[in-house]
Every structure is written in C-alpha cells, then in structure tokens.
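Engineer: Note that the protein sequences, when read in sequence, are chains A and B.
At position 252 of the first sequence (counting the first as 1) the number is 252 in the numbering used here, and the numbers step up by one without a gap.
If you count the second sequence from 1, you need to add 391 to reach the numbering used here.
Honestly, I wouldn't trust all of these hints.
[Stated by the list, open to error] List time: in silico DSS-like cross-link candidates among lysine-lysine, alpha-carbon distance up to 30 Å:
hint	chain 1	residue 1	chain 2	residue 2
1	B	K680	A	K168
2	A	K83	B	K676
3	A	K198	B	K676
4	B	K686	A	K168
The set of hints was computed from the structure by calculation and includes no laboratory data.
Bear in mind the structure is a predicted one, so any value in this text is a computation, not a measurement.
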Amino acid sequence: MMERTSRISLRPMMTPFNVMLGIILAIGCVLTVLRFTGGLSVVTNLDDNNPWGIWIGFDLLCGVALAAGGYTTSAACYIFGLKRYHSAVRPAILTAFLGYALVVFALHYDVGRPWRLPFPIFWQQGTTSLLFEVGLCVFLYLTVLFIEFTPAAFEWLGFSKLREKILKLTILLTIFGVVLSTLHQSSLGALYTIVPSKLHPLWYSGYLPVYFFISSMFAGLSMVIFEGSLAHKYLHHKMDETHLRESEGVVLGFGKAASFIMAGYVAIKVIGLAVDNSWHYLFTGYGAWFLLELIGFVALPSFVYAIGVREKNIRLIQRTALWSVLGIVLNRFNISLIAFNWQLPTSERYFPSWMEIGVSLFIVAIGIVVYRFITANMPILYEHPDYRSEH
Amino acid sequence: MGISRRKFLGWFGGLSATAATAATSAIAGSNHHFKGHPDTMGVLHDINRCIGCRKCEEACNTVNELPKPEKPFDDLSVLDQKRRTHADVYTVVNQFQQGKEKVHVKKQCNHCMEPACASACFVKAFKKMPNGSVVYDESVCVGCRYCMIACPFNIPAYDYDSVLSPKVTKCTLCHPRVQKGLLPGCVEACPKEALIYGNRKELIKIARKRINKHPDQYIDHIYGEHEMGGTSWLYISGTPFSEIGMREDLGVKSAPELTSGPLSAVPIVVGLWPVLLTGVYAISKRKDKVAEEEKAEAVKAAENVAEEHLKNQIAKLKLEATKEKEAAIKKEVTKALEEAAKEAEKKAEAKAAEAAPEKKEDE
Numbered sequence: 001m002m003e004r005t006s007r008i009s010l011r012p013m014m015t016p017f018n019v020m021l022g023i024i025l026a027i028g029c030v031l032t033v034l035r036f037t038g039g040l041s042v043v044t045n046l047d048d049n050n051p052w053g054i055w056i057g058f059d060l061l062c063g064v065a066l067a068a069g070g071y072t073t074s075a076a077c078y079i080f081g082l083k084r085y086h087s088a089v090r091p092a093i094l095t096a097f098l099g100y101a102l103v104v105f106a107l108h109y110d111v112g113r114p115w116r117l118p119f120p121i122f123w124q125q126g127t128t129s130l131l132f133e134v135g136l137c138v139f140l141y142l143t144v145l146f147i148e149f150t151p152a153a154f155e156w157l158g159f160s161k162l163r164e165k166i167l168k169l170t171i172l173l174t175i176f177g178v179v180l181s182t183l184h185q186s187s188l189g190a191l192y193t194i195v196p197s198k199l200h201p202l203w204y205s206g207y208l209p210v211y212f213f214i215s216s217m218f219a220g221l222s223m224v225i226f227e228g229s230l231a232h233k234y235l236h237h238k239m240d241e242t243h244l245r246e247s248e249g250v251v252l253g254f255g256k257a258a259s260f261i262m263a264g265y266v267a268i269k270v271i272g273l274a275v276d277n278s279w280h281y282l283f284t285g286y287g288a289w290f291l292l293e294l295i296g297f298v299a300l301p302s303f304v305y306a307i308g309v310r311e312k313n314i315r316l317i318q319r320t321a322l323w324s325v326l327g328i329v330l331n332r333f334n335i336s337l338i339a340f341n342w343q344l345p346t347s348e349r350y351f352p353s354w355m356e357i358g359v360s361l362f363i364v365a366i367g368i369v370v371y372r373f374i375t376a377n378m379p380i381l382y383e384h385p386d387y388r389s390e391h
Numbered sequence: 392m393g394i395s396r397r398k399f400l401g402w403f404g405g406l407s408a409t410a411a412t413a414a415t416s417a418i419a420g421s422n423h424h425f426k427g428h429p430d431t432m433g434v435l436h437d438i439n440r441c442i443g444c445r446k447c448e449e450a451c452n453t454v455n456e457l458p459k460p461e462k463p464f465d466d467l468s469v470l471d472q473k474r475r476t477h478a479d480v481y482t483v484v485n486q487f488q489q490g491k492e493k494v495h496v497k498k499q500c501n502h503c504m505e506p507a508c509a510s511a512c513f514v515k516a517f518k519k520m521p522n523g524s525v526v527y528d529e530s531v532c533v534g535c536r537y538c539m540i541a542c543p544f545n546i547p548a549y550d551y552d553s554v555l556s557p558k559v560t561k562c563t564l565c566h567p568r569v570q571k572g573l574l575p576g577c578v579e580a581c582p583k584e585a586l587i588y589g590n591r592k593e594l595i596k597i598a599r600k601r602i603n604k605h606p607d608q609y610i611d612h613i614y615g616e617h618e619m620g621g622t623s624w625l626y627i628s629g630t631p632f633s634e635i636g637m638r639e640d641l642g643v644k645s646a647p648e649l650t651s652g653p654l655s656a657v658p659i660v661v662g663l664w665p666v667l668l669t670g671v672y673a674i675s676k677r678k679d680k681v682a683e684e685e686k687a688e689a690v691k692a693a694e695n696v697a698e699e700h701l702k703n704q705i706a707k708l709k710l711e712a713t714k715e716k717e718a719a720i721k722k723e724v725t726k727a728l729e730e731a732a733k734e735a736e737k738k739a740e741a742k743a744a745e746a747a748p749e750k751k752e753d754e
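Just chain B, same shape as in the assembly (with noise of 0.2 Å):
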C-alpha cells in the first residue's frame, strides 16, 4: 500500500512538473508565453489560387501508399459533395459555391503549433517535430481516439474496419519526404503555387505581403496565424473562411491552455485532501471520544448519586424495621404478660401453664 501511494505521488509530481515545463506552462505565475519551435516550418495555402483540379489529393494519396479511390482523381464531380478525412484519405479539396464562382479549400491537418492530440493523447503517441510536423506513433497508440475529440479541424480519422491494428491516420505534413530534402507531396504536385512549403515565419511574411498589395482580392486576415494558438499551415483567401468550411470561432487559446487549469489542480488535491480529511477524521474522532469520556462521567456521578439515595433509603428502612420490631417486641411482651396474668388468674388450669413461655420465645 505505501508503496502504490508514494508512486502515485511520485507520479503526480511528475505530472505537475510535465505540466510545468510543457509548451504551457500550468497556470502558475508565469507569464511565459510559448511562440512554437523556431524554425518551424509551414505551407501557406492561398485558396484564391486553387483550382480544385484534385492533383494534391492525388499525390498525397501516392506518397502515403494508400488505396486507390473507387473514383479517379480526375473525376471532378466527387467535389460537390462536402468531405472530410478519413482513415485513407488524409487530404480533401471542398468546392464552395459563391456567388458566380467556386472557391476551392484544401483540408488536411493544420500542424498546430501546440497540438490538441498531442496534448490529449494518454501515451504520447503524438509529437511535434522541431521542423513542425505533427507525428503519429502507432507502436503505442492504444486506439481511444481522444484525439480525434480534442481536434478542433475534426481531421484525425479512425480505422474502424481494422480488428487488431486499428491506428489513427492523418496527414504527416510528409515527414519522411521532407527528412530527405524533398517537398511534400501536395505542394509538389500544385500546378498553380496555390501552396507553398517554407519556414512558417517567412510564410506569414509572404502571405501578409499578398494581402497588402491586393487588398480588394483578399481579407485581411491569415487563417492559422493565431487560430488554436497558430498552426504550421496558414490560409489567405477572398472569401469569408466561415463561408468556406473554416470555423473562425475556434478562439486563440491553444489545447493545452485550455486544460492547463484542471491539470494544475490535480497536485493540489493530491497534497491537500489527505490532510483536510485526515484533520475531519480526527476530529470526529475526537468528538467521539469526549463524548464517550463524558458519557462515562456522567454515568459515574448518576450511579453515585443513585447509590447515594439507595443508602439514605435502606438505612432508614432499617431505622424503621427496627423500630417496628422494637414495637412488636413491646407488644408482645405486654400481650404475654398480660396473657400470663391472666393464666395466672387461672390457678385452676395450671397442668398448661407451661405454653405461654413457649410462645413467647418462638417470636
């Protein structure tokens, strides 16, 4: 038992102290303020440049070795429906409908600055590379899919058709190809520069420079700058990005900020409950025992007392036992003597005159 309870606190200090030197620090007094990995890198996405033509899609689905789709990726006309991530699709263009135009929006994961899976994953199956890619380790994943909750872009996918190796899926921001120098699949396969891979720094740079000059084709707003507390992957656009599938109600807050408070309250309960409830079992206790002590007490003095009254009682009851007998005793004698004058007077009966002494010693 002690044993198991100071790991267990081991292990919360140990918590509190991840919490700490995380990209966020919990609460505490700190003001630190976590700006991402230096050279973390990016793809900037302008969405006024895509043409929805699926080459992305295409590419991303060759680089990863995933299965083909039931339609070609030159058919176009899957764009009209809405879509989403799944477990072998980690990239979908959406088509919106504005005014006399479509707009075209590329979804895949963002690469968060401070991932909400990562934060969330219980076994650190998910990590952010100095380079900005967020990866996924599926040696350990143990397939809660809290991740996929946490997401707010609702881009993890599950593989539910899997019976023994069921894993998470997403987009790797192609991890391995940009280990080996080369580009990620989709940014290498734009045919209008609609995406552009670089130090995510420059991006913003280069995206806030495209705004500037062209501000009637574009609104003043880089999506992914500070949406979840940034993103690897940013997004200029001319239309409205709530009206293209992109929600701008996601606050700037990053995951880990958001449960950084409750995370921070777990060493607190673990060093002060004990000694709140050990203090209310003492003193329980203690009213117990006062109570019982004075119980005690107050049975003795009840028990004095009554022995007390029983004394005054009985000693009076013999006072009157023997003033009783004392008065009996009187009586008698009188009674006999009386008795015996009046045998006496009797001379004539004196053969029985021996009864009456008799009598009288019996009582």
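Here chain A stands alone, though its shape is the one from the complex (with noise of 0.2 Å):
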C-alpha cells in the first residue's frame, strides 16, 4: 500500500522542468565541493583586475533588488493601508526572505574565508566602508524578514499564542524593513561612488545610491507581478477566492505604480547626465547600450505598463514585469561588469566561467525548490482557515 502511493506521487514529479532542476542542483553540489576544496581559482574567472564577477553582479546585486518587493509590498498594505493587496503580502515577503537568505548563502562562495563574515558586524566594524552598511542592512533586514515570514509557519505548525504576538509588531518591522531597505538598497549603489576611474562616466553618477534605490522599487514590484503570473500557472490550485480575487488588482494596482516610477527613474537618469555633462558620451558604443538599457529596459516598459494598466490588459502587464526584471538585471551587470574596468584591454576584462554561470543557476534552483515546498506546505497563498475572519 505504501509503496502504491509513493509511486503515484513521484510519476508527476518527473517533470521536464524538475529533471533539469535537479540536473542544476547535481552539479550544483559537485561545483560546491570544487569551490571548497580547490579555491576561488579553480572555478571562477576572477583576477587581481576583476576581483568582482557574476557571484556579486547577479546573486548580490540582482539578488537584493529583485527581493525588494518585501519591502514594496509591505509597504503598500500597511503603511500606505492598502488593504487590498493584502492578499500580495505573504508571497512578496517570503520571496524577499528566500531573496535575501540565498543572497547571504552566495556570498559563502564568493568571500575567501567565509566563516569570517559575521566578523563585520561583531568583531571590527569597518564604519567608513559602504559594504559595511550593506552587510549591516542585509544581516539585519535578513532578521526582519524571517520575523514577517514567520506567522506563516507558526500557522502551519499550529503555534497560535506566538503568532499573535508577532502580528503585534507588525507596523514597527514593516517601517523598520523599508528603512533598512532604503540603505542598503542604495548602498549597494554607493559602494561604485568610489571608483570613477573604472566606472564608465555614464553609470557613474553621485547619484548612484538613489538610482539603486528608485530602482529597486519597480525591481520588487515587477519580480512580485511576475512571480504572481507564474504562481497562477502553476499553483493555482493552492489560492483561495481571495487570493484569486485580489491578483487582479495587485497587477493592475502594481503596474501602475510600476509605471509611474520608471517613468521618474528615466527622468533622474537623464538628470545626471546633464549634471555631469556626459551627453557626448551618448554617441560612442557604451553610449548605444546605455540607451539600449535607459529606453530599450526602462522607458519602453513604462509605457507599455502604462498601456496595459489602461486596457486592463492582464498579459501585457505581465509580460512587461518580464521585461522589467530583465531590464534590472541588464543595469545592475552593466554596472558591475560591462561598464566596470571599461578602460582595459579586452584580454584583462572578465567574462565569467561556466563553473560561475553553475553555481548561480544552484542558488536560483535552491530558491524555487525551497519556494515550492514552503507554498505546498503552509498557508502562503490562501489564507489559514483557522484564522480567516481576522481582518
């Protein structure tokens, strides 16, 4: 009899998309004990001119950016009261907290002595050091986010008494998420106000942590409609009626926001060029791209956001949050890696190894088997029927 079911319930399992999944996290393993064993040399590309590869562009920078729908989410129901995007809330902040989670996990690959980095915070607090306030930021609102996520759980577990207890504090973590938010979000930004001789003049701007933090707003509002639109393809049979009855207006309500946002960030793009009068540089190559990315990534989904919100055109908005996060991505690797070291030959820029590329498909894998798990086995995106008249 035990064997009957268990059989039954592998067959689905085996679908195309989880065998490669574990493919990912096969080698995943295999790259891990390599980084572990050999060195950061024996599978990273990095040299003593680009000590910095895809482990801080895409799992630090994008990693962060892309999980500040926590924050945004939040924020919006309730500090802003927007109650009907309550139904948003539990999903956006167990993205941030796995976001966040996998993001400190990666620096475990990324960092010499890994075991070294609570050293920051509790040994020797290095306070000058804009990577110091990020390390501070990320340890604490990491702290934050479980917190918020963990109601959650408790509801899973059936542990009322300290449920109730941690929704009391919910308004004072919300405001202390989006504080800790807005540092380290536009820290992360501030840590290139150091280097504008590496930095190409067109990404590098005093403003940079505003830039990182403006954008890091319509980062999590994208990611939270596109991770909407791939929670209803898949696990849609775990919503309830409001969930389903909510999404709607999160995605039109998200878009709009979305839209005006982008909108003000393309604005205070073409601000600094001017402060800086890098308007020349506009015509050489890294010029095309820098457009590519400010109206090709930015401008263009604004409009089409602003489009789809207007038809209340559901898959045009999705699509667009889509290519939005794409966009974040293309900035956030821009100014990490294209634009950085812009002035050496080709043969000392930095491409990274497949080995690299390996280990950040692991974390992503990691993230959505942990999201998966966690969605299928506690109330994320229905609510908890023990305590559904609550609000």
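Make the complex out of the two chains shown on their own, each in a separate frame, by following the hints.
Structural biologist: As structure tokens, then:
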C-alpha cells in the first residue's frame, strides 16, 4: 500500500522542468565541493583586475534588487493602508526572505573566508565602508524578514499564541524593513561611488545610491507581478478565493505604480547625465548600450505598463513585468561587469566561467525548490482556515 | 526587537561619529581639510633615472620572503610584457618605448594619504600608519575584495589559489624593516638612486628642485602630490605619465571624500524615515477610521429614513386595511340583511331560517 502511494506521488514530479532542476542541483553540489576544496581560482575566472564577477553582479546586486518586493508590498499594504493588496504580502515576504537568505548563502561562495562573515558586524566594524552598511543592513533585514515570515510557519505548525505576538509587531517590522531597505538598496549603488576612474562615466554618478534605491522599487513591484503570473500558472490550486479575487487588482495597481516610478527613474537618469555633462558619451558604443538599457529596458516598459493598465490587459502587464526584471538585471550587470573596468584592454576583461554560472543557477534552483516546498505546505497563497476572519 | 533596534541606531550613531572624525569629515558644514600625517614618510621615484635592472623587484622578493619566480630577476625579457602586481609579486618594473628611448617605471602600492582600500574595508583590515605605510591585517580579512575594487591604482592582489587562508597582498612600504631602522628593500637595492626614501614634505621639495633645475628633462608635475588626495609615493618623469601607464584622470579627491556623501545620508535616513513612515501610517489609519465612521453614520441615517418610510407605509396600509375591512363588513351586513329580508319573505321555508345568522357570525 505504502509503496503504491509513493509511486503515484513520484510520477508527476518527473516533469522536464524538475529533471532540469535536479541536474542543476547535482552539478551545483559538485561545484560546491570544487569551490571549497580547490579555492576560487578553480571555479572562477576572477583575477586581480576583476575581483568581482557574477556572484556579486548577479547573486548579490540582482538578488537584493529583485527581492525588493518584500518592502514595497508590505509598505503598500500596512503603511499606506492599501488593504486590497493584502493577499500579495505573504508571497512577497516569502520571496524576499528567500532572496536575501540566498544572497547571504551565495556570498559564502564568493568571499575568501566565509566563516568570517560575521566579523565586520561583531568583531571590528569598518564604519567608513559602504560595504559595512550593506552588510549590517542585509543582516538586520534578513532577521526582520525572517520574523515577518514566521506567522505563516506558525499557522502551519499550529503555534497560534506565538503567531499573535509576532502579528502585533507588524507595523514596527514594516517600518524597520523600509528603513533598512532604503539604506542597503541605495548603498549597493553607493559601493561604486568610490571608483569614478573604473566605472564608465555614463553609469558613474554621485546619484548612484538614489538610482539603486528607486530602481529597486520597480524591480520589487515587477518581480511581484512576474512571480504572481508564474504562481497562477503552476500553483493555481493552492490559491484561495480571496487571493484569486484580489490578484487582478494587484497586477493593475502594481503595474501602474511601476510605470510611474520607472518614468521618474528615467527622468533622474537624464538629470544625472546633465549634471555630469556626459552627453557626448551617448554617441559612442557605450552610449548606444546605455540608451538600450535606459530606453529599451526602462522607458519602453514604463510606457507599455501604462497601456496595459489603461486597457486592463493583465497578460500585457505580466509580460512587461518580466521585461522590467530583465532591465534591472541588465542595469546591475552593466554597473558591476560591463561598464566596470571599461578602460582595460579586452584581454584583461572578465567573462564568467561556466562554473560560476553553474553556481548562480544552483542558487536560483535552491530558491525554487524551497519556495515550492513552503507554498505547498504553509498558508502563503491562501488564508489558513483558522485565522480567516481576522482582518 | 527593541534591543536590536536600539543597538542598530547606536551603531549608526557610531557610524556618523566615525565619518565625522575620520580623515575626511562627512560633508557637513566643515571646511576642515586633512593634509595627511605630519611626519609621513614616502619614496620619490625619479623615472628618468630608472634603468629597468629589476634589482628592486629582486630585493622586494627577498625581504618579503616571496616565492621565487620562474624566470630569474636578471632575465630582462620579462620587461617586454606589461605586468601588474600579483599575490606573490608586490612590485614590478614596466618598460615603455618612447621613440628610440626606453622608459622604465616601477609600480607598487602608492600608500595613499587617505587610502581607498582602508576606506572601503568593512572590517578595518587596512590602516594608514603615521609613518606613511598602509598595512594590512590578515587576521580579520573576510576576503570580500572590495579593497581591490576600490583601489584606483589596481594594486592589491588576491590569493585566489588558497582554499583556507587566502589573503590580500601588497607592498607594505617595508613597514617591518622601517621600524627596525632599515630602508625599504627596493630603495636599498636601487643602484641608480632612482628611489629616495624620506619625509614626504622633503621629497616634494627635492622633486620640485629637480624639475626647476632641469625643466627640459622633467614634466612640470609631481605625480602623487595631489592624485587621489595625495600619495606617499611620488614620481617625476620626463615622459607624460599617461604614456607610461600612469592614469592622469584620477582627480584629486581622496576616496573617503567620494563616499562621504552617501555615508552621511545614512544617519539622516535612520532619523527621518521612521517619522515619515509612521506619519503616513497614521494618516492612512485615520483616513480609514474617518471613512468607517462616516459610513456608519450614513448607514444609520439611511436606516432611519427607511424606518420612517416603512412606518408611514405600514400606517397607511393599516388605515387602508381597516377601511377596506369596514367597507367589507358593511357590505356583508347589508348583504346579510338583504338576504335575511329575502328569507323572511320566504316564510314557507321557515325550517332553514337559523343558517343566516350563523353565516354572519363567521365573517
């Protein structure tokens, strides 16, 4: 009897996607062993001129930006009082929590001595460093996100008293989360304010921290929409009536907000060009690439978002969300990799090894697996029947 | 929660205080300008005198007990390739063809007056010593390599091959030797006095004197006097620096000046954001409450109106009903009377005369 049920439950798991996931996880485990037995030089293409590769450019910079849905959604619902987005909060908090946890996990691969990662916080604080600010805020925010996530776990486990206590902290945690997010999202950009001589002038700006913060907002909003569309496709059966009823409003509202913020972002980027008088660089190869990023991956999606909202075209908004997410990835790659060290000859530039890409995919795959486990077991996409009547 | 929040604020209080007292004040209203430690030492590299013999490289390798390279130091063919510092190479001499002449330039850590690496390190592994050396403490280094990103001269190198104890490496200006009263290894080994160790202020005077004495042989610029806020290593040359691998577009702002703006914004955000956000929260909550109250009131008013209306309706209906009833009774009574009259007329059927009043009672 037992054998039969297990066989039945195994079959639907062998989808092509899951097989791929399994392969990535298996390769990732091998790469992990290689990294921690052979050192960075065995798995990465990093060198003395290019000390940061995609583990920083993608795993850290994109990871943090795309996990911004946590603070944007909870701020919209709890601080701005937009209760109609309530059902979007839990999935957003979960993604943010997983996102940040994976960022920290990924850093263990990148830094030379990961067991010393707590040093800057507990041992000797390098307070003049923006990286210290990033580290401290990410550490604190990960804690905040963990606490914000626990009610779902407590409902699952049946700890209703603990859950109640945590829920009382909601506003405090949300405000704390927004403060911390403002600080570290912007500080990730500010990391590069120290290198005017290495980052291409079109991307270097005194406004880098502002750019990173503002772009994290629409990154987060777009990610919530994009992720929602995936969840609808694959986890529809897990959603309750409230979630399904509210989801369209979330897509329309978030799409509208993203459209506005992106338009503002384009404006401040242009202001940045004017302040530094970098117009003439626009007519170079890097200029074309810069315009592709700014117009092709910010201005245009902003416009298409607006059309989607006006015509109430949910599909269009969802596709634009993916487009905007790619725009964020492009922007972070440009700053950390493509426009960085732009003056070095091609032979001294960096390109990631397949093993670096493998580790990044491995980390994303872990995120997907954990997300699926949690949404399958805990009340994320639906309200727990015991606590339904509460708000 | 309360504790971690307080701690957090405390940390940032500390942060702003450090930013204010460190070499460069966080923008604030100060016009204070840090000119470096008063007796900071340095090295003057007269590029015109360098012959590219690599003796300095050899000395550096020896005094720092670094592994010997594949090609020996007297093999000058390595000069054909442009090189940089690496994990086991703290200094290199590069060769540049200038017309028929060959120009040689030594490259190593410049020991900035306000070092980018020290400013960027989140665990304070780098320190600018009063004697000019920028030294590194391996025992706290996490290996994030932000120092390498930050260094405008691309000097710090990393031990990518090491699994358990990778470290950042760079020239220490022979800090241990200097403390013993010895000269830096490279300076001691230089056969042409292309390197002079001394008080930085004196070195600038010497450099200026040489430039003034031989304006035809030197460019009128002391490289390192102001670059990136000034460096302990100084260079004079007859060839434009940008043609011999030394960037002239670095600017004169020190690294801490570049980041002081964003850093100074941190305490302000910590101070203002909670106020702003709590305000927004209070406004939205108040709005909800007012809306709720107004709704309740409107509902009540509507209820009242409806009730009144209903009452009127009922009264009206009642009235109508009574009227109708009365009319019906009247009608029935008349009918009954008429029938009774008819009955009476039919005296012949007197036996059934009892039925009529019974019927009347029913109604």
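Engineer: If you check each hint against the structure, which ones fail?
Structural biologist: Of the numbered hints given earlier, the structure breaks just one, which is hint 3.
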